[in-house]
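Chains as they are written, first to last, in this note's numbering: chain A, 1 to 754; chain B, 1 to 207; chain C, 1 to 100; chain D, 1 to 490.
Just to be clear, a hint being listed does not mean it is correct.
As the list claims (entries may be wrong) - If you want the footprint, here are the derived chain D segments under chain B, 3+ residues with CB under 8 Å: (1) 51-60; (2) 133-143; (3) 293-307; (4) 476-484.
What the hints assert, rightly or not - Below, in silico cross-link-like pairs of lysine-lysine (DSBU-like), each with a Cα-Cα straight-line distance of 30 Å or less: (5) A:K640 x D:K283; (6) A:K731 x A:K721; (7) C:K99 x D:K157; (8) C:K99 x A:K377; (9) A:K28 x B:K110; (10) A:K527 x A:K201; (11) A:K441 x A:K383; (12) C:K99 x D:K199; (13) A:K640 x D:K157.
Said to hold, decoys possible - For the chain C half of the interface with chain A, some residues (derived, Cβ under 8 Å), not all of them: (14) I2; (15) L13; (16) A19; (17) D55; (18) R88; (19) I92; (20) L95; (21) T96; (22) M98.
Keep in mind that the hints were calculated from the coordinates and are not lab data. No residue lacks a Cβ here, since even glycine has one placed at the ideal position from N, Cα and C.
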Amino acid sequence: MTANLHLIPLLPLLGAAFSLLFGKRLGKNVVTLVTCGAVAAAALVTLQMTFILHHDLPPGGALVDTFFEAPWMKAGDLNLSAGLWFDALTAVMCCVVTVIGFLIHVYASAYMEHDENYTRFFAYLNLFMGAMLILVLGDSMPVTFVGWEGVGLCSYLLIGFWFDKDANATAGRKAFVVNRIGDFGFLLAMFLIFYHTGTLKYSELASHIDGLHNILWLGLPVACFAGLLVLVGATGKSAQIPLYVWLPDAMAGPTPVSALIHAATMVTAGVYVTSRLHVVYEAYPQALAWIAGIGALTALFAATIGFAQRDLKKVLAYSTISQLGFMFVAVGSYVNGSSNYASGVFHLMTHAFFKAGLFLGAGSVMHAMENEGDIMKMGGLRKHLPHTHATFLIYCLAIAGIFPLAGFWSKDAILGGAFAAQWDVKNAGPVAAWFAMHAGKIIYGVMLTAAGCTAFYMFRLYYLVFHGKFRGTHEQEHHLHESPARMTVVLWCLAIGTILSGFLGVPESILPESLHHFGDLLGEWLKPVVGVQLHEESAGQFLGFAFVATAVSVAGIGSAYIFFLKDDGVRAKNFVATFPRLYRVVFNKYYVDEFYNAVVVRPLRGLSRILWKFFDEIIIDKLFVGGTAAIVNGFGKSVKYLQNGDAQRYVVGVLVGMALILRVSTHYSAAHAAQFHVDQDGHAVTAVPQNDAYTTNVRFKVEWGDGQESDADSAHPRGLKHQYASSGTYKIRLETTDSRWQTTASRSETVVVR
Amino acid sequence: MMLLEAAAHMVDPSTISTSSAPLILFWIFSAVVLGGAILTIFQTNMVAAVMSLVATFFGLAAIYAMLSAHFIAALQVLVYAGAIMVLFIFVVMVLNKDEAPRPMRGLITKMIGAISIVSLMFTLMPLLDNAVPGGVETPSADFGTVANVGDILFNDYLFAFEAVSILLLIAVIAAVVVARTHKQEVVEEGHLAEHEAMPEATIEASH
Amino acid sequence: MIPPTYFLYLAALLFAVGAFGVILRRNAIIMLMSIELMLNAANLTILTFGRIHADPHAHAFAFMVIAVAAAEAAVGLAILVGIFRNRRNVNIDELTLMKY
Amino acid sequence: MSFELGDLSYALPILVLVVGGLLLLLMEAFSTGRSRAYLVPMTVLVVLASIAADVSVWSQVGEGGHSIMSGMLEIDRLSLFANAIFLTACGLTALLAGAYMQEHRFEFGEFYALIVFATAGMMILAAASDMVSIFLGLEIMSLAVYVLTGSWRRSPKSSEGAMKYFLVGSVASAVLLYGMALIYGAVGSTSLQAIANSKGAYVEPIFIIGLLLVLTAFAFKIAAVPFHMWAPDAYEGAPTPVTGFMAAGVKAAAFVILIRMCGTAFSRSELALGSTGWVSILKWVAVITMTFGNLAALRQENIKRLLAYSSVSHAGYLLIGLIATATVGNEARGPLLYYLAAYTFTTMGAFGVVAWLGRHGDERLQLDDWAGLAAKHPAAALAMTIFMLSLGGVPPTAGFFGKFYLFRAALGRADLTWLVVIAVLNSVVSVYYYLRVVTTMYFREPARESSPLQSRSVTAALVLAVIGTLLIGILPGWLVETASSALLGS
């Protein structure tokens with residue numbers, strides 16, 4: 001069914017164009033009205049489309065809007081159209097993006113009020129929304145890629161909005177290099193998929209998937225490579241190991257930008273795209289195991305880094321990385337022919353609410369603290385910022401997974417899925433098979449730990465910011481005030497979303513009979529698109545999982561309480577005091593002295609430290625960023641030598657190139673033809689030269705090693721045959737002579753005749 | 001010129017002789033060609049260099065005549081040794097600068113270049129041995145005459161002939177454009193703080 | 001009779017000498033002359049092969065090459081005069097305003 | 001085969017240009033002062049007339065080819081499509097040049113005749129089906145461009161660039177001629193068709209040597225590494241509109257004749273594939289070219305040199321398309337032509353913005369000069385951003401579809417997969433330095449006042465280039481179909 005889908009991305013784009021062109025003349029109020037209005041209108045259209053999708057179409061239906069009809073680009077087998085596509089998955093993503101985007105716009109209109117580049121900021125925000133919606137709505141990989149590059153560019157513009165000239169150059173470079181690696185993966189995946197299936201449309205992929213499945217490269221189906229390349233793209237955008245490093249640095253942008261880009265929209269693109277291309281992964285489920293593994297590792301690793309961060313936004317940044325890891329685990333948890341995509345999308349949605357809220361709450365705090373971000377200088381803000389405090393607490397409880405908030409339901413769905421996951425491993429050895437059967441349990445354990453850590457560091461943050469004594473300067477204390485109403489209202493809206501959105505995914509099994517049709521709404525909704533619903537589990541299982549998860553979370557919160565709040569933070573102070581010695585003092589001392597340090601904090605911190613050092617400093621900083629710089633520098637030197645301005649050197653360049661080309665191409669034809677392999681059939685042995693069928697003028701001579709020789713000067717030898725008289729080991733030597741260039745070459749091979 | 005005609009006569013296909021006289025002539029002219037060429041590239045005196053080049057071209061004309069390319073041989077003398085070299089002499093006189101003796105720069109580069117050239121020759125030379133497996137065909141009687149070549153030039157090569165006229169037109173424009181000075185530019189010279197222009201007279205002489 | 005290969009050898013050597021001239025001498029006029037040598041070497045090759053194939057078209061080709069060489073020399077010398085006007089010398093290894 | 005008067009109707013686009021060029025010369029000779037202002041519109045008129053002739057001949061020739069001028073030229077859709085590319089470049093150059101020359105005070109009317117003649121040379125080159133006409137077309141184009149490069153007489157850089165370009169180019173010409181002589185020797189004819197049909201000649205070693213020398217000479221023209229070293233200097237020295245003309249037109253012409261030669265004379269698989277085939281050589285040249293070009297561009301502070309190195313790397317991508325023609329033939333020729341068309345608009349536009357920025361003999365070429373441009377001249381900054389994104393291959397610009405289409409064609413051969421991977425990696429890296437220009441314009445404080453050219457013709461050229469870049473990027477269908485029907489005749 002066709003519909004006016006193009007309105008959804010077009011409205012924000014028009015808003016951007018309008019405010020760029022006329023914004024300065026018309027003033028802030030008009031700009032606010034237009035840009036927020038554009039997003040609101042987009043949200044309304046989205047809701048209308050969702051309604052149409054739900055009411056007028058059978059399950060699995062989709063709305064389409066082809067703006068360039070089928071022979072948009074046609075040549076040979078290439079026949080593409082470009083358009084938008086709106087199905088259940090798109091609907092969820094679109095609603096999240098537009099609704100939360102709208103709230104953030106409203107918040108930003110107050111937060112950025114005094115910025116001199118207000119108009120430009122809102123134009124960029126709208127531009128970003130447009131690009132993100134194109135990404136989500138695209139009906140084929142090229143269209144998605146338009147949005148993919150678009151959000152990258154806009155995020156560059158938005159993060160750079162407050163850039164000092166040089167201070168953040170390194171951070172910018174890091175973000176850039178890392179994202180380009182991701183783009184590289186996505187582009188290659190696109191070529192690969194197109195080449196082997198002949199289509200790039202999501203709706204047609206399923207019926208063409210055989211091309212990816214049946215063709216082998218290096219003994220693996222092409223789908224494996226395509227899947228892993230998409231994964232490279234996804235890890236880049238969604239900040240997973242090893243490409244996560246750009247995200248914490250990107251916190252330099254204004255806070256609403258962090259909330260929009262780094263919580264609700266762009267970073268989820270990786271999760272979205274992997275879910276979109278689920279057909280590719282189902283053609284080769286082992287690729288999903290990689291996703292789950294990377295997700296689990298990231299979740300735990302980023303959570304442990306969260307322990308030690310002092311900057312409010314950095315903590316949230318690592319928490320985002322960690323939560324995205326949860327989503328990746330969901331997408332990667334494969335069992336019985338499908339994966340747990342629905343849970344991934346569910347968590348994506350709930351996370352969008354509470355993480356956007358956390359960022360905006362942080363913005364509110366920093367607003368009150370005159371842009372101070374160090375949590376060690378905060379404390380006791382509860383009294384001064386009542387609304388911010390209340391909503392922040394709700395978000396924290398949600399992210400920690402406390403019943404009945406959204407995070408509880410979505411995290412549980414993921415953990416349950418991970419526990420049950422089993423990857424089909426065909427033709428695997430015993431170890432791999434065991435691993436495929438049981439890796440889910442391991443991942444479950446890891447995720448549980450990560451969940452506990454999450455609760456711990458989030459409440460560490462919460463206690464340090466809102467409880468205890470104020471640790472900042474007097475002026476700051478004097479200045480403390482609650483944010484304007486426009487901001488607190490948005491905070492409360494997000495809090496309501498955080499409370500309610502979880503109920504979209506309540507498992508059917510725990511509801512009473514009469515309420516069954518309220519069970520697992522989201523899973524049912526997504527079922528026609530991604531194939532499965534949230535993992536089916538009995539009420540007992542669910543309660544078991546829920547109990548364990550909640551216990552872990554409560555333990556995390558409790559330890560944060562003991563550690564940072566009880567006794568007025570004495571332990572925290574002790575901790576801070578012993579902090580520098582942490583690495584020097586013997587392990588046992590901690591074992592006796594500080595239970596936490598020894599059992600929980602230190603190993604985890606150690607692990608995170610190693611990983612951090614390894615990925616961040618060695619791989620990314622040294623290898624990618626530094627390596628790039630080194631290559632470029634070294635290269636610059638060589639260019640300086642070559643390109644010294646002397647025309648004679650340029651002539652020499654031409655001559656050297658010419659001589660090399662002549663030499664190489666004439667000299668190595670014999671050597672090239674001399675490569676051969678041996679076919680053996682009992683005593684009959686055939687030496688088959690590597691024949692590219694274009695080897696002309698080459699004479700072949702074979703010494704068979706038993707004193708006999710044969711030769712051929714046909715241009716296309718099918719191989720030279722020989723019958724050995726007796727068993728034994730023979731050394732076959734093939735000699736080639738190129739009569740044109742008067743060159744010879746030879747190679748030997750040993751053959752055992754039985 | 002007498003020598004030239006003699007050479008042409010001796011290798012004329014109708015009177016191929018088994019004597020070694022043509023071969024000796026060939027050696028002589030080859031020596032003139034290569035010797036002139038080598039002198040050209042090693043002279044420091046520019047006028048002498050140009051004169052060596054003229055010698056080379058004369059030698060080449062004789063060699064062309066040996067190949068029965070009478071028309072081209074004449075053209076070589078007229079156009080090359082005549083017109084083009086006069087142009088060179090002219091420019092040399094105008095610039096009137098001999099190369100100041102100073103050590104060569106970029107010796108390594110030059111050596112690499114020399115090695116490349118030698119390598120090229122080593123790849124190419126052996127191949128020239130078998131370059132003509134079919135042997136030399138006997139040309140028709142009017143091969144290489146003005147009538148013969150002219151006929152081709154104005155039939156098959158008419159287009160090429162016209163194209164060359166565009167080329168020569170471009171050369172003329174080049175000379176005009178680069179050598180001419182606008183009065184306007186001279187006036188504004190100071191304003192633009194560029195290198196100072198040559199005196200008017202010198203430029204007039206150069207084209 | 002002279003083996004045609006001799007002419008080809010002569011042309012190849014002439015080409016090499018021209019190439020040497022281009023890379024060894026810094027005086028732009030000499031470089032231009034060396035390029036003329038290379039063009040003449042190619043021309044000699046064409047004429048030799050024309051003789052071998054008894055094909056008068058080679059002569060027309062050679063005629064074109066001579067004309068092109070004349071035009072090239074004229075353009076080259078014009079550019080040279082332009083250079084001289086700006087810098088007062090024609091040493092190619094001193095033309096290094098632009099590099100890297 | 002001999003000359004017939006009817007042939008002229010097929011050569012109409014070239015004739016129009018040559019006659020137009022002569023008219024321009026006359027106009028210049030008899031005009032004084034003010035009437036010079038008519039030279040730009042006149043040039044545009046000539047270009048439009050030639051385009052009209054081109055279009056009419058396009059429908060006339062149909063799918064086949066017409067051998068005209070005693071077999072010197074082959075008028076087919078390939079050559080006609082290429083003509084449109086050259087004419088676009090020529091027209092945009094003329095529009096840019098008028099105000100540019102006036103601003104930097106080296107106005108002279110012969111300039112327009114020269115670019116028109118150079119374009120005629122490109123057309124002859126693109127249609128050439130005989131080694132004689134290849135050589136002549138190449139020389140007409142090259143000599144005119146050498147003169148144009150040196151046409152800013154008082155700028156020492158301009159004459160220096162011209163001298164370097166001329167010297168290295170003449171050596172390449174000599175190499176080309178020597179290679180042609182060897183091929184002629186092996187085959188006994190200069191016609192490409194005769195070369196393609198001569199069976200015995202392929203085994204001749206001198207034929208292969210000749211082929212390699214010819215390829216070397218054209219590798220120089222397209223600025224493939226290591227024959228590229230003239231390019232940055234000549235690009236920097238030349239007046240900026242001429243630089244655009246060189247980057248777009250000369251490169252396109254060289255590629256079209258390469259397509260023609262590789263599709264006829266050198267099309268035998270024994271010549272193309274195999275260990276001494278041109279495919280195996282060009283593969284390496286392509287890899288080195290794109291990698292070197294990109295890495296060298298990363299550190300450039302001078303925008304013209306940056307674009308020069310970027311043009312080197314684009315030659316590498318284009319070579320991949322050329323290699324693909326060896327096996328998939330026409331399926332790779334379409335993408336190659338599409339890419340050339342996209343590249344023409346983009347690169348003319350980029351150099352157009354560069355030309356637009358300079359004032360009073362000061363060209364503003366350092367990246368620092370571009371800082372903060374977006375604040376004062378948002379439209380120009382946006383245009384430059386579009387060109388940069390297109391060069392980097394970011395959708396929805398023409399450059400993205402060009403790459404997509406080209407690489408897809410190259411994937412038609414399994415053993416080119418690694419080449420495509422390297423190319424994609426390179427294009428990913430290249431975005432870094434393209435975006436550097438963009439971020440300089442948007443994020444940095446203006447370092448100095450700029451008051452760029454106020455000229456309607458320059459604005460028109462930039463607008464045309466932006467429209468071209470976006471239009472064929474967003475709606476590539478028409479151009480793709482036209483390009484893929486631009487087949488070799490015969």
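Consistency of the hints with the structure:
1. 51-60: With 0 residues closer than 8 Å to chain B, the region 51-60 of chain D misses the three-residue bar; violated.
2. 133-143: Coverage by chain B holds for the region 133-143 of chain D (6 residues, Cβ < 8 Å).
3. 293-307: violated (count 0)
4. 476-484: violated (count 0)
5. A:K640 x D:K283: Holds, at roughly 26 Å.
6. A:K731 x A:K721: Distance ~15 Å between K731 of chain A and K721 of chain A Cα, so the pair holds.
7. C:K99 x D:K157: holds, 11 Å
8. C:K99 x A:K377: violated, 54 Å
9. A:K28 x B:K110: violated, 67 Å
10. A:K527 x A:K201: With a Cα-Cα distance of about 20 Å, the restraint between K527 of chain A and K201 of chain A holds, given a limit of 30 Å.
11. A:K441 x A:K383: Given pair K441 of chain A, K383 of chain A is violated - Cα atoms ~44 Å apart, limit 30 Å.
12. C:K99 x D:K199: violated, 47 Å
13. A:K640 x D:K157: holds, 18 Å
14. I2: Since chain A brings no Cβ nearer than about 25 Å to I2 of chain C, farther than 8 Å, the hint is violated.
15. L13: Not OK, violated: L13 of chain C not within 8 Å of chain A, min 16 Å.
16. A19: holds, 7 Å
17. D55: violated, 24 Å
18. R88: violated, 18 Å
19. I92: holds, 5 Å
20. L95: Hint holds; L95 of chain C Cβ to chain A Cβ min 7 Å, cut 8 Å.
21. T96: This hint holds: T96 of chain C lies near chain A, its Cβ roughly 3 Å from the closest one there, short of 8 Å.
22. M98: holds, 6 Å
When each numbered hint is compared with the structure, violations occur for hints 1, 3, 4, 8, 9, 11, 12, 14, 15, 17, 18.
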